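Colleague: Protein chains in written order, with my numbering: chain A, 28 to 286; chain B, 28 to 286; chain C, 28 to 286.
Hints in this document: simulated from the structure, not taken from any laboratory.
Here the structure is a predicted model, which is why all the values come from computation and not from measurement.
A hint or two may mislead.
Derived list of chain B stretches under chain A, where covered just means 3 residues or more per stretch with a C-beta under 8 Å from a C-beta of chain A [said to hold, decoys possible]:
id: 1; region: 38 to 48
id: 2; region: 56 to 69
id: 3; region: 206 to 216
Okay, the calculated bits of chain C under chain A, using three or more residues with CB under 8 Å as the criterion [what the hints assert, rightly or not]:
id: 4; region: 87 to 101
id: 5; region: 108 to 120
id: 6; region: 125 to 135
id: 7; region: 152 to 160
id: 8; region: 231 to 243
id: 9; region: 268 to 275
The following residues of chain A were derived to be distant from chain B, with all beta-carbon distances above 10 Å [stated by the list, open to error]:
id: 10; residue: Leu35
id: 11; residue: Thr54
id: 12; residue: His66
id: 13; residue: Ile68
id: 14; residue: Gly71
id: 15; residue: Gly81
id: 16; residue: Arg106
id: 17; residue: Gly114
id: 18; residue: Arg135
id: 19; residue: Pro148
id: 20; residue: Glu193
id: 21; residue: Asp195
id: 22; residue: Thr237
id: 23; residue: Lys281
From the three backbone atoms N, C-alpha and C, an ideal C-beta is built for every residue, glycine too.
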Amino acid sequence: VGTRVTLLTDFGTADGYAAAMRGVLATLAPAAIVEDASHAIEPGDVRAAAWALGRYWSGYPEGTIHIVVVDPGVGGDRRGLAVECGGRFGVGPDNGVLTPILSDTRSRTVSIENREYMLQPVSSTFHGRDVFAPAAAHLARGVPLEALGPAVEDPIRLASAGPAREGDVVSGVVMHVDRFGNLITNVGASVAEGAVEVIVEALPVGPVRTTYSAVARGERLALVGSSGLLEIAVRDGSAAATLGAGRGARVIVKTARNA
Amino acid sequence: VGTRVTLLTDFGTADGYAAAMRGVLATLAPAAIVEDASHAIEPGDVRAAAWALGRYWSGYPEGTIHIVVVDPGVGGDRRGLAVECGGRFGVGPDNGVLTPILSDTRSRTVSIENREYMLQPVSSTFHGRDVFAPAAAHLARGVPLEALGPAVEDPIRLASAGPAREGDVVSGVVMHVDRFGNLITNVGASVAEGAVEVIVEALPVGPVRTTYSAVARGERLALVGSSGLLEIAVRDGSAAATLGAGRGARVIVKTARNA
Amino acid sequence: VGTRVTLLTDFGTADGYAAAMRGVLATLAPAAIVEDASHAIEPGDVRAAAWALGRYWSGYPEGTIHIVVVDPGVGGDRRGLAVECGGRFGVGPDNGVLTPILSDTRSRTVSIENREYMLQPVSSTFHGRDVFAPAAAHLARGVPLEALGPAVEDPIRLASAGPAREGDVVSGVVMHVDRFGNLITNVGASVAEGAVEVIVEALPVGPVRTTYSAVARGERLALVGSSGLLEIAVRDGSAAATLGAGRGARVIVKTARNA
């Protein structure tokens, strides 16, 4: 079975850019198995790409190479990175998209600078095709990480402040809104499980439940989602629409710790 | 050549949920060939998912495993199902999404209950990752259907009343609207081929034609579509938009049977 | 490693039509590796499909078979084509979608007429499933191009007038608008590199730059894009929205040739 390579971009598919990357991979690493994670990231939304990557990168088997290209700074002086962590790899621009891998203390990172492993000439607008797909293809063929370029000690990681506690009250924030309109927060399961009341932008959501079916259709609820984080949902509806809240919305969790 | 596994969900791709399922499959069944049928089903639209599944499940070779996850009841008490029919498999929630396979009289169905074949712990919101992808992976590796759990004799199937005949008039309904705005009905080819006039919600569409080019651009027409069912179309346009009709719209077919 | 087959359609994915094509390929050519280029072409937009195909067809390795199905004339008298060029293949309707391959002088083309290589019966609305996927599958299995049908000397190619020069002024046109709102023109790099001023529909865009970061965020710029053509962009924004311009917009390039 070949090495797996996944693709995450903001390219859409209709312009043929994603297929151009696949063509490079098929040419340079014909035995690799290429899978689309998504090409539907909103243009330039580095934070959304990093969020999505965090959902799947470590669930793939060792050897997998995850390409992430959301790259508004393409052609400028931002670096291109390749990172290895626990036998899995990430390849993409140095703008934070690789944060979930880079944040793992075991990771080691290089700057992709060896032009031997790029398509020539390198365009100034499409490093997905000319730099990142070739780098991933060479990694898939067994080229060692270090051959791509020099070690990097200061890759850009997206800041993500954890929630703050003051007495029985934990203050967090909505980090991501998914397709279902679920509001996913930065409040972890351990806090959530002790919550007696959750409030989003001054709107009460009630206590933390274990499943959607704990409330009636159309009702809002809080629960620990599949990422181990507190989520705000509306059963068979959209919490984002119902509560008028999005990324960055403030979340208050009242806990019973000292009650 | 490995076993094929197809994915049909309402997850979209941008949140990384579909990729998380692929990661599980890649880990547990690395030799399987995973293909996206779609992740673009409207959130919670069980009927649309069942429709789509009906278009492709039996056209794949024997051994193929079709995962379908449109699952508004996740985490509640609905069962998870695995079904085998003619050497092909379906895996998904017991809410009707698997209807095209379950409706085949040859099918045999089990309730997925053996926790050995699930990821641990099973989340309450993402059985696609924790239950259905693992079940499919184990089927792909040769685990027998019966090992997943006990037989089920009463899986939920979506009701689909056939058309009604009264003399020369057959009354049907629009079952699906596709991306082109075609209105696909529950009236079969044998009835359609005898039609002298088709009417959708009181709007005349004319007789049944053999191809789009039988009418001028922008004109409406009726024809037997690729599923062997009567469809209402507008040449180079959208019948749904032109006729203001959607799923559930009433269709009258006047036949010449006794004329 | 199996032969690669790519799919480009205007089907979307949610109706199961694309998966139906994949099922045919999996059945008839199980060793082929099937990749989605896109199913997101706007319904009936032959020109957009040809554009996308131009971005990737030749970047895939020899042996690859590119299926393109944007086919408003399905069921009428338009021919179905298979074309070979430099060891790569194209399969699709004779309406211009295959233009990038057909325009290569090395290409040889046949009309798909041998019913042995079609699904029976052939529907009048879904040749992607019944004609083109089977033709591609048979090519993937080694059936020679000529076995599919007779040679065609006059396949339909989309007309694309090159830019016109009058003294120091080159007049071109926007050929494609991509997901980022970039306006991609028919003006080549050699002209663009001598430009002192670019004007789109009477709005000045400035000289040709080498990269997005040459201007401030939100500013418009001209540069040579990844296809070797002059593009108009807005840094971190959409040129299409900012300039109110789309496909067919007029582009004036003032060059310094004789200055």
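Colleague: Does each hint hold? Answer for all of them.
Modeller: Hints versus structure:
1. Taking a C-beta to C-beta cut-off of 8 Å, the region 38 to 48 of chain B contributes 10 residues in contact with chain A, enough for the three needed, and the coverage statement holds.
2. Counting residues of the region 56 to 69 of chain B whose C-beta sits closer than 8 Å to any C-beta of chain A gives 4, which meets the bar of three, so the coverage hint holds.
3. Under a criterion of three residues with beta carbons nearer than 8 Å to beta carbons of chain A, the stated coverage of the region 206 to 216 of chain B fails, only 0 such residues being counted.
4. With 3 residues having a Cβ less than 8 Å from any Cβ of chain A, the region 87 to 101 of chain C passes the three-residue criterion, so the hint holds.
5. Counting residues of the region 108 to 120 of chain C whose beta carbon lies closer than 8 Å to any beta carbon of chain A gives 0, which falls below the threshold of three, so the coverage claim is violated.
6. Check result for the region 125 to 135 of chain C against chain A: violated, 0 residues qualifying (beta carbon to beta carbon below 8 Å, three or more required).
7. Only when three residues or more bring their CB closer than 8 Å to a CB of chain A does the claim for the region 152 to 160 of chain C stand; here the count is 0, and the claim is violated.
8. Here the region 231 to 243 of chain C counts 4 residues with a CB under 8 Å from a CB of chain A, which clears the bar of 3, and the coverage holds.
9. As drawn, the region 268 to 275 of chain C meets chain A at 0 residues by the rule of a beta-carbon pair under 8 Å; below three, the given contact is violated.
10. The Cβ of Leu35(A) sits about 8 Å from the closest Cβ of chain B, inside the 10 Å cut-off, so the non-interface label is violated.
11. The non-interface label for Thr54(A) is consistent with chain B: the shortest C-beta to C-beta separation is roughly 21 Å, beyond 10 Å.
12. Not every CB of chain B lies more than 10 Å from the CB of His66(A), the least distance being 7 Å, so the non-interface label is violated.
13. Its closest Cβ contact with chain B, about 6 Å, brings Ile68(A) to no more than 10 Å, contrary to its assignment away from the interface.
14. Even its closest Cβ contact with chain B, about 13 Å, leaves Gly71(A) beyond 10 Å, as expected for a residue assigned away from the interface.
15. Against chain B, the non-interface label of Gly81(A) is violated: not every CB pair exceeds 10 Å, the least being about 7 Å.
16. Every C-beta of chain B lies more than 10 Å from that of Arg106(A), the closest at about 24 Å, which supports listing it as non-interface.
17. With a minimum CB-CB distance of about 12 Å to chain B, Gly114(A) clears the 10 Å threshold, and the non-interface call stands.
18. At the 10 Å boundary, the C-beta of Arg135(A) stays outside the reach of chain B, the nearest C-beta of that chain being 22 Å off.
19. Every Cβ of chain B is farther than 10 Å from the Cβ of Pro148(A); the closest lies at roughly 32 Å, confirming the non-interface assignment.
20. With a least CB separation of 29 Å from chain B, Glu193(A) remains clear of the 10 Å interface cut-off, as annotated.
21. Residue placement check: Asp195(A) keeps its beta carbon more than 10 Å from all beta carbons of chain B (closest about 25 Å).
22. With a least beta-carbon separation of about 6 Å from chain B, Thr237(A) fails to lie farther than 10 Å from that chain, contradicting its non-interface assignment.
23. The Cβ of Lys281(A) sits about 22 Å from the closest Cβ of chain B, beyond the 10 Å cut-off, so the non-interface label holds.
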